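Okay, so the sequence shown: first residue is 1 according to the UniProt record's numbering, each after it adds one.
These aren't lab readings, by the way, just hints derived from the structure by calculation.
Hints are not guaranteed to be accurate.
What follows is a set of in silico ranges between Cβ atoms, one per label pair, in the way DEER data are often shown [claimed, not checked]:
#	residue 1	residue 2	range
1	Ser147	Ile190	17 to 23 Å
2	Gln94	Glu297	26 to 32 Å
3	Glu298	Val202	35 to 41 Å
4	Pro233	Lys126	35 to 41 Å
In silico SDA-like cross-links for lysine to any residue, where the CA-CA straight-line distance does not exceed 20 Å [said to hold, decoys possible]:
#	residue 1	residue 2
5	Lys245	Glu281
6	Lys168	Gly150
7	Lys222	Gly173
8	Lys153	Lys216
9	Lys63	Leu121
10	Lys252	Lys63
11	Lys261	Ser87
12	Lys222	Ser91
13	Lys222	Pro136
14	Lys168	Leu149
15	Lys238	Cys193
16	Lys154	Leu121
17	Lys222	Lys154
18	Lys216	Pro288
Bear in mind the structure is a predicted one, so any value in this text is a computation, not a measurement.
Where is the CB? At the ideal position from N, CA and C, for every residue including glycine.
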Amino acid sequence: MKGPGHRRRRPSHQDQTGPLVSTDLSLETERSSVRVTYQGSPGTVIEAMVLNAFPNCIAAPQKRSEGALETVQSSLADKAVLTIENSSIGSFHQSYDLLLSHNLQIVQEVHMDVELCLLALPGVQKDDLQTIFSHPQDLAQCEHSLSNLGVSKKNVDHGAAGAEIISKQNLRGAGVIGSARAAELYGLNILECNFQDASPNVTRYLVLARTANIPKEYEQYKTSIVFGLEEGPGTLHKALVAFWKRDLNLTKIESRPNRGKPMRTLGTEKQFNYIFYVDFEASVAEIPAQNALKELEEIASFLRVLGCYPSTRI
(Lines of atoms letter the chains of each structure in order from A; the text may use other names.)
(Lines give C-alpha, C1' and ligand atoms only; values in the text may rest on other atoms or scores of the structure.)
Protein backbone atom coordinates (compact mmCIF):
# COMPACT_ATOMS: atom_id res chain seq x y z
CA MET A 1 0.00 0.00 0.00
CA LYS A 2 1.69 3.19 -1.17
CA GLY A 3 0.89 6.76 -0.37
CA PRO A 4 0.12 9.81 -2.48
CA GLY A 5 3.13 9.22 -4.74
CA HIS A 6 5.76 11.53 -3.33
CA ARG A 7 9.24 10.14 -2.84
CA ARG A 8 10.56 9.70 0.63
CA ARG A 9 12.61 12.76 1.45
CA ARG A 10 15.83 12.68 3.41
CA PRO A 11 15.00 14.16 6.82
CA SER A 12 16.37 17.59 7.62
CA HIS A 13 18.44 18.31 10.71
CA GLN A 14 15.32 19.60 12.46
CA ASP A 15 13.59 16.24 11.92
CA GLN A 16 16.27 14.18 13.61
CA THR A 17 15.55 12.27 16.79
CA GLY A 18 17.82 10.49 19.24
CA PRO A 19 20.04 7.57 18.20
CA LEU A 20 18.71 4.03 18.11
CA VAL A 21 20.51 1.47 20.27
CA SER A 22 20.91 -2.10 18.99
CA THR A 23 23.39 -4.49 17.41
CA ASP A 24 23.75 -5.16 13.68
CA LEU A 25 23.34 -8.89 13.04
CA SER A 26 23.52 -9.71 9.32
CA LEU A 27 24.19 -13.04 7.65
CA GLU A 28 27.43 -11.76 6.15
CA THR A 29 29.02 -11.01 9.52
CA GLU A 30 28.13 -14.20 11.38
CA ARG A 31 30.87 -15.68 13.52
CA SER A 32 31.59 -19.32 12.74
CA SER A 33 30.35 -20.59 16.11
CA VAL A 34 26.84 -19.10 15.90
CA ARG A 35 24.29 -21.58 17.25
CA VAL A 36 21.07 -21.66 15.20
CA THR A 37 17.97 -23.49 16.38
CA TYR A 38 14.77 -24.45 14.57
CA GLN A 39 11.93 -26.96 14.59
CA GLY A 40 13.06 -30.00 12.67
CA SER A 41 15.70 -32.69 12.37
CA PRO A 42 18.37 -33.76 9.85
CA GLY A 43 16.78 -34.05 6.43
CA THR A 44 14.11 -31.38 6.87
CA VAL A 45 13.63 -28.50 4.45
CA ILE A 46 14.25 -25.95 7.20
CA GLU A 47 17.61 -27.60 7.96
CA ALA A 48 18.61 -26.95 4.34
CA MET A 49 17.66 -23.29 4.76
CA VAL A 50 19.70 -22.99 7.98
CA LEU A 51 22.81 -24.59 6.46
CA ASN A 52 22.54 -22.42 3.34
CA ALA A 53 22.04 -19.18 5.25
CA PHE A 54 24.54 -20.00 8.02
CA PRO A 55 27.08 -22.40 6.46
CA ASN A 56 29.44 -22.39 9.46
CA CYS A 57 26.80 -22.53 12.18
CA ILE A 58 26.14 -25.11 14.86
CA ALA A 59 22.68 -26.41 13.92
CA ALA A 60 20.53 -27.15 16.98
CA PRO A 61 17.19 -28.72 15.96
CA GLN A 62 14.24 -28.78 18.35
CA LYS A 63 11.01 -30.80 18.39
CA ARG A 64 8.82 -27.67 18.45
CA SER A 65 9.13 -24.06 17.33
CA GLU A 66 8.31 -22.95 20.87
CA GLY A 67 11.36 -24.84 22.08
CA ALA A 68 13.55 -23.17 19.48
CA LEU A 69 12.48 -19.67 20.52
CA GLU A 70 12.79 -20.46 24.21
CA THR A 71 16.32 -21.78 23.63
CA VAL A 72 17.36 -18.40 22.20
CA GLN A 73 15.45 -16.47 24.85
CA SER A 74 17.34 -18.36 27.58
CA SER A 75 20.72 -17.73 25.84
CA LEU A 76 21.30 -21.40 24.96
CA ALA A 77 21.37 -20.50 21.25
CA ASP A 78 22.10 -17.35 19.28
CA LYS A 79 19.34 -17.41 16.65
CA ALA A 80 16.07 -19.17 15.94
CA VAL A 81 14.54 -19.72 12.51
CA LEU A 82 10.77 -19.58 12.14
CA THR A 83 8.76 -20.47 9.03
CA ILE A 84 6.33 -17.61 8.47
CA GLU A 85 4.81 -17.89 4.98
CA ASN A 86 4.69 -19.99 1.82
CA SER A 87 3.82 -18.74 -1.65
CA SER A 88 1.37 -21.61 -2.23
CA ILE A 89 -0.50 -21.93 1.06
CA GLY A 90 -0.02 -18.56 2.75
CA SER A 91 0.74 -17.70 6.36
CA PHE A 92 1.83 -20.02 9.16
CA HIS A 93 -0.53 -18.67 11.81
CA GLN A 94 1.13 -20.32 14.80
CA SER A 95 4.37 -18.53 13.93
CA TYR A 96 2.65 -15.15 14.25
CA ASP A 97 1.37 -16.12 17.68
CA LEU A 98 4.90 -17.14 18.71
CA LEU A 99 6.31 -13.77 17.63
CA LEU A 100 3.98 -12.09 20.11
CA SER A 101 4.49 -14.53 22.97
CA HIS A 102 8.32 -14.42 22.97
CA ASN A 103 10.61 -11.49 23.63
CA LEU A 104 12.84 -11.80 20.57
CA GLN A 105 13.66 -9.52 17.62
CA ILE A 106 13.47 -10.32 13.91
CA VAL A 107 16.96 -9.68 12.51
CA GLN A 108 16.72 -11.26 9.05
CA GLU A 109 14.20 -12.42 6.47
CA VAL A 110 15.19 -15.27 4.15
CA HIS A 111 13.33 -16.43 1.04
CA MET A 112 14.13 -19.91 -0.30
CA ASP A 113 12.79 -21.92 -3.23
CA VAL A 114 11.52 -25.20 -1.80
CA GLU A 115 11.47 -28.43 -3.80
CA LEU A 116 9.34 -31.18 -2.28
CA CYS A 117 9.93 -34.77 -3.38
CA LEU A 118 7.76 -37.89 -3.25
CA LEU A 119 9.80 -40.60 -1.52
CA ALA A 120 9.30 -44.33 -0.91
CA LEU A 121 11.25 -47.51 -0.20
CA PRO A 122 13.37 -48.98 -3.01
CA GLY A 123 11.24 -50.98 -5.44
CA VAL A 124 7.99 -49.24 -4.48
CA GLN A 125 6.11 -47.57 -7.35
CA LYS A 126 3.49 -44.81 -7.24
CA ASP A 127 0.70 -47.31 -7.83
CA ASP A 128 1.73 -49.16 -4.64
CA LEU A 129 1.17 -46.14 -2.41
CA GLN A 130 -1.84 -46.04 -0.11
CA THR A 131 -0.72 -43.52 2.55
CA ILE A 132 1.49 -40.43 2.40
CA PHE A 133 3.25 -39.05 5.49
CA SER A 134 4.35 -35.44 5.94
CA HIS A 135 3.86 -32.19 7.83
CA PRO A 136 0.37 -30.69 7.27
CA GLN A 137 1.80 -27.66 5.45
CA ASP A 138 3.86 -29.85 3.11
CA LEU A 139 0.80 -31.97 2.39
CA ALA A 140 -1.15 -28.79 1.63
CA GLN A 141 1.51 -27.67 -0.86
CA CYS A 142 0.97 -30.97 -2.74
CA GLU A 143 -2.83 -31.21 -2.42
CA HIS A 144 -3.58 -31.48 -6.14
CA SER A 145 -0.75 -33.94 -6.81
CA LEU A 146 -1.92 -36.11 -3.91
CA SER A 147 -5.53 -36.13 -5.11
CA ASN A 148 -4.35 -37.57 -8.42
CA LEU A 149 -2.73 -40.46 -6.52
CA GLY A 150 -5.89 -41.25 -4.54
CA VAL A 151 -4.01 -41.82 -1.28
CA SER A 152 -4.77 -41.09 2.37
CA LYS A 153 -2.68 -38.53 4.26
CA LYS A 154 -1.05 -38.89 7.66
CA ASN A 155 0.34 -35.93 9.60
CA VAL A 156 3.79 -36.12 11.19
CA ASP A 157 6.09 -33.45 12.63
CA HIS A 158 7.98 -33.11 9.33
CA GLY A 159 8.91 -35.04 6.21
CA ALA A 160 12.11 -36.42 7.72
CA ALA A 161 10.07 -37.97 10.55
CA GLY A 162 7.84 -39.66 7.98
CA ALA A 163 10.89 -40.93 6.10
CA GLU A 164 12.27 -42.43 9.30
CA ILE A 165 8.95 -44.17 10.08
CA ILE A 166 8.72 -45.70 6.60
CA SER A 167 12.34 -46.83 6.69
CA LYS A 168 12.29 -48.35 10.19
CA GLN A 169 8.90 -50.04 9.81
CA ASN A 170 9.47 -51.10 6.18
CA LEU A 171 6.13 -49.63 5.09
CA ARG A 172 5.93 -50.56 1.42
CA GLY A 173 2.45 -49.13 0.99
CA ALA A 174 3.49 -45.70 2.25
CA GLY A 175 5.34 -42.73 0.84
CA VAL A 176 6.48 -39.41 2.23
CA ILE A 177 6.72 -35.85 0.99
CA GLY A 178 10.13 -34.56 1.97
CA SER A 179 13.54 -33.43 0.82
CA ALA A 180 16.10 -35.22 -1.33
CA ARG A 181 18.33 -35.13 1.74
CA ALA A 182 15.74 -37.16 3.70
CA ALA A 183 15.78 -39.81 0.97
CA GLU A 184 19.56 -40.02 1.27
CA LEU A 185 19.53 -40.26 5.07
CA TYR A 186 16.84 -42.95 5.31
CA GLY A 187 17.56 -45.06 2.24
CA LEU A 188 14.50 -44.07 0.22
CA ASN A 189 14.06 -43.56 -3.50
CA ILE A 190 12.81 -40.35 -5.07
CA LEU A 191 9.70 -41.22 -7.08
CA GLU A 192 9.15 -37.64 -8.24
CA CYS A 193 10.97 -34.35 -7.79
CA ASN A 194 9.08 -31.04 -7.62
CA PHE A 195 5.99 -32.86 -6.39
CA GLN A 196 4.47 -29.63 -5.06
CA ASP A 197 1.54 -28.16 -6.97
CA ALA A 198 3.18 -24.83 -7.84
CA SER A 199 6.64 -23.80 -8.99
CA PRO A 200 8.36 -21.71 -7.93
CA ASN A 201 7.41 -22.69 -4.39
CA VAL A 202 8.95 -20.08 -2.11
CA THR A 203 8.99 -20.18 1.67
CA ARG A 204 9.72 -17.11 3.78
CA TYR A 205 11.65 -17.61 7.01
CA LEU A 206 12.35 -15.20 9.86
CA VAL A 207 15.58 -15.24 11.84
CA LEU A 208 15.17 -14.13 15.46
CA ALA A 209 17.71 -13.09 18.07
CA ARG A 210 17.76 -11.51 21.51
CA THR A 211 19.22 -8.22 20.27
CA ALA A 212 17.81 -5.99 17.54
CA ASN A 213 19.63 -4.62 14.51
CA ILE A 214 20.88 -1.06 14.31
CA PRO A 215 19.42 0.14 11.00
CA LYS A 216 21.09 3.00 9.15
CA GLU A 217 18.98 5.60 7.41
CA TYR A 218 17.76 4.59 3.95
CA GLU A 219 19.16 1.07 4.03
CA GLN A 220 16.89 -1.43 2.32
CA TYR A 221 15.25 -2.71 5.49
CA LYS A 222 11.80 -3.95 6.36
CA THR A 223 10.09 -3.42 9.69
CA SER A 224 7.53 -5.70 11.32
CA ILE A 225 5.10 -4.51 13.98
CA VAL A 226 2.12 -5.89 15.88
CA PHE A 227 -0.64 -3.75 17.38
CA GLY A 228 -4.15 -3.79 18.78
CA LEU A 229 -6.73 -1.06 18.28
CA GLU A 230 -9.03 0.78 20.64
CA GLU A 231 -12.74 0.19 20.12
CA GLY A 232 -14.44 2.48 17.64
CA PRO A 233 -15.37 2.77 13.95
CA GLY A 234 -12.67 3.26 11.33
CA THR A 235 -9.70 2.60 13.59
CA LEU A 236 -8.02 0.13 11.21
CA HIS A 237 -8.43 2.62 8.36
CA LYS A 238 -6.80 5.33 10.49
CA ALA A 239 -3.95 2.97 11.35
CA LEU A 240 -3.18 2.20 7.72
CA VAL A 241 -3.49 5.84 6.63
CA ALA A 242 -0.61 6.68 9.00
CA PHE A 243 1.65 4.75 6.62
CA TRP A 244 -0.08 5.69 3.37
CA LYS A 245 0.26 9.44 3.79
CA ARG A 246 4.01 9.04 4.40
CA ASP A 247 4.46 6.92 1.27
CA LEU A 248 5.45 3.83 3.26
CA ASN A 249 4.76 0.64 1.34
CA LEU A 250 3.01 -2.11 3.30
CA THR A 251 4.03 -5.59 2.14
CA LYS A 252 1.97 -7.72 4.53
CA ILE A 253 -1.08 -7.36 6.79
CA GLU A 254 -2.11 -10.32 8.94
CA SER A 255 -4.88 -10.40 11.53
CA ARG A 256 -5.02 -12.84 14.44
CA PRO A 257 -7.56 -13.27 17.25
CA ASN A 258 -6.82 -11.26 20.38
CA ARG A 259 -6.69 -14.15 22.81
CA GLY A 260 -6.54 -11.89 25.84
CA LYS A 261 -9.72 -10.07 24.79
CA PRO A 262 -11.43 -12.11 22.05
CA MET A 263 -14.58 -9.95 21.76
CA ARG A 264 -15.14 -6.20 21.53
CA THR A 265 -18.22 -3.98 21.59
CA LEU A 266 -19.13 -1.82 18.60
CA GLY A 267 -22.30 0.12 19.36
CA THR A 268 -24.65 -2.48 20.81
CA GLU A 269 -23.04 -5.44 19.05
CA LYS A 270 -20.32 -7.84 20.11
CA GLN A 271 -17.69 -8.46 17.44
CA PHE A 272 -14.49 -10.45 17.16
CA ASN A 273 -11.43 -8.59 18.39
CA TYR A 274 -8.19 -8.83 16.41
CA ILE A 275 -4.57 -7.86 16.63
CA PHE A 276 -2.72 -6.89 13.46
CA TYR A 277 0.72 -7.75 12.16
CA VAL A 278 2.10 -5.37 9.54
CA ASP A 279 5.33 -5.41 7.51
CA PHE A 280 6.45 -2.24 5.75
CA GLU A 281 9.42 -1.20 3.61
CA ALA A 282 11.44 1.19 5.75
CA SER A 283 13.69 1.10 8.75
CA VAL A 284 12.87 2.60 12.12
CA ALA A 285 15.84 4.92 11.58
CA GLU A 286 13.81 6.82 8.97
CA ILE A 287 11.81 9.78 10.20
CA PRO A 288 8.66 8.97 8.15
CA ALA A 289 8.55 5.52 9.76
CA GLN A 290 9.08 6.97 13.23
CA ASN A 291 6.28 9.48 12.71
CA ALA A 292 3.92 6.82 11.35
CA LEU A 293 4.53 4.70 14.44
CA LYS A 294 3.94 7.69 16.71
CA GLU A 295 0.61 8.37 15.00
CA LEU A 296 -0.37 4.72 15.20
CA GLU A 297 0.48 4.63 18.89
CA GLU A 298 -2.17 7.31 19.54
CA ILE A 299 -5.00 4.98 18.44
CA ALA A 300 -3.48 1.60 19.37
CA SER A 301 -4.27 -0.33 22.51
CA PHE A 302 -0.68 -1.59 22.27
CA LEU A 303 2.14 -1.38 19.73
CA ARG A 304 5.30 -3.44 19.52
CA VAL A 305 8.11 -3.37 16.97
CA LEU A 306 9.00 -6.99 16.23
CA GLY A 307 12.13 -6.18 14.27
CA CYS A 308 13.86 -4.15 11.58
CA TYR A 309 15.84 -6.26 9.15
CA PRO A 310 17.24 -6.89 5.66
CA SER A 311 15.78 -9.48 3.30
CA THR A 312 17.82 -12.20 1.56
CA ARG A 313 17.03 -14.81 -1.08
CA ILE A 314 18.94 -18.08 -1.21
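Tested hints:
{"no.": "1", "hint": "Ser147 - Ile190: 17 to 23 Å", "verdict": "holds (21 Å)"}
{"no.": "2", "hint": "Gln94 - Glu297: 26 to 32 Å", "verdict": "holds (27 Å)"}
{"no.": "3", "hint": "Glu298 - Val202: 35 to 41 Å", "verdict": "holds (37 Å)"}
{"no.": "4", "hint": "Pro233 - Lys126: 35 to 41 Å", "verdict": "violated (56 Å)"}
{"no.": "5", "hint": "Lys245 - Glu281", "verdict": "holds (14 Å)"}
{"no.": "6", "hint": "Lys168 - Gly150", "verdict": "violated (24 Å)"}
{"no.": "7", "hint": "Lys222 - Gly173", "verdict": "violated (46 Å)"}
{"no.": "8", "hint": "Lys153 - Lys216", "verdict": "violated (48 Å)"}
{"no.": "9", "hint": "Lys63 - Leu121", "verdict": "violated (25 Å)"}
{"no.": "10", "hint": "Lys252 - Lys63", "verdict": "violated (28 Å)"}
{"no.": "11", "hint": "Lys261 - Ser87", "verdict": "violated (31 Å)"}
{"no.": "12", "hint": "Lys222 - Ser91", "verdict": "holds (18 Å)"}
{"no.": "13", "hint": "Lys222 - Pro136", "verdict": "violated (29 Å)"}
{"no.": "14", "hint": "Lys168 - Leu149", "verdict": "violated (24 Å)"}
{"no.": "15", "hint": "Lys238 - Cys193", "verdict": "violated (47 Å)"}
{"no.": "16", "hint": "Lys154 - Leu121", "verdict": "holds (17 Å)"}
{"no.": "17", "hint": "Lys222 - Lys154", "verdict": "violated (37 Å)"}
{"no.": "18", "hint": "Lys216 - Pro288", "verdict": "holds (14 Å)"}
Violated hints for the displayed structure, listed by number in ascending order: 4, 6, 7, 8, 9, 10, 11, 13, 14, 15 and 17.
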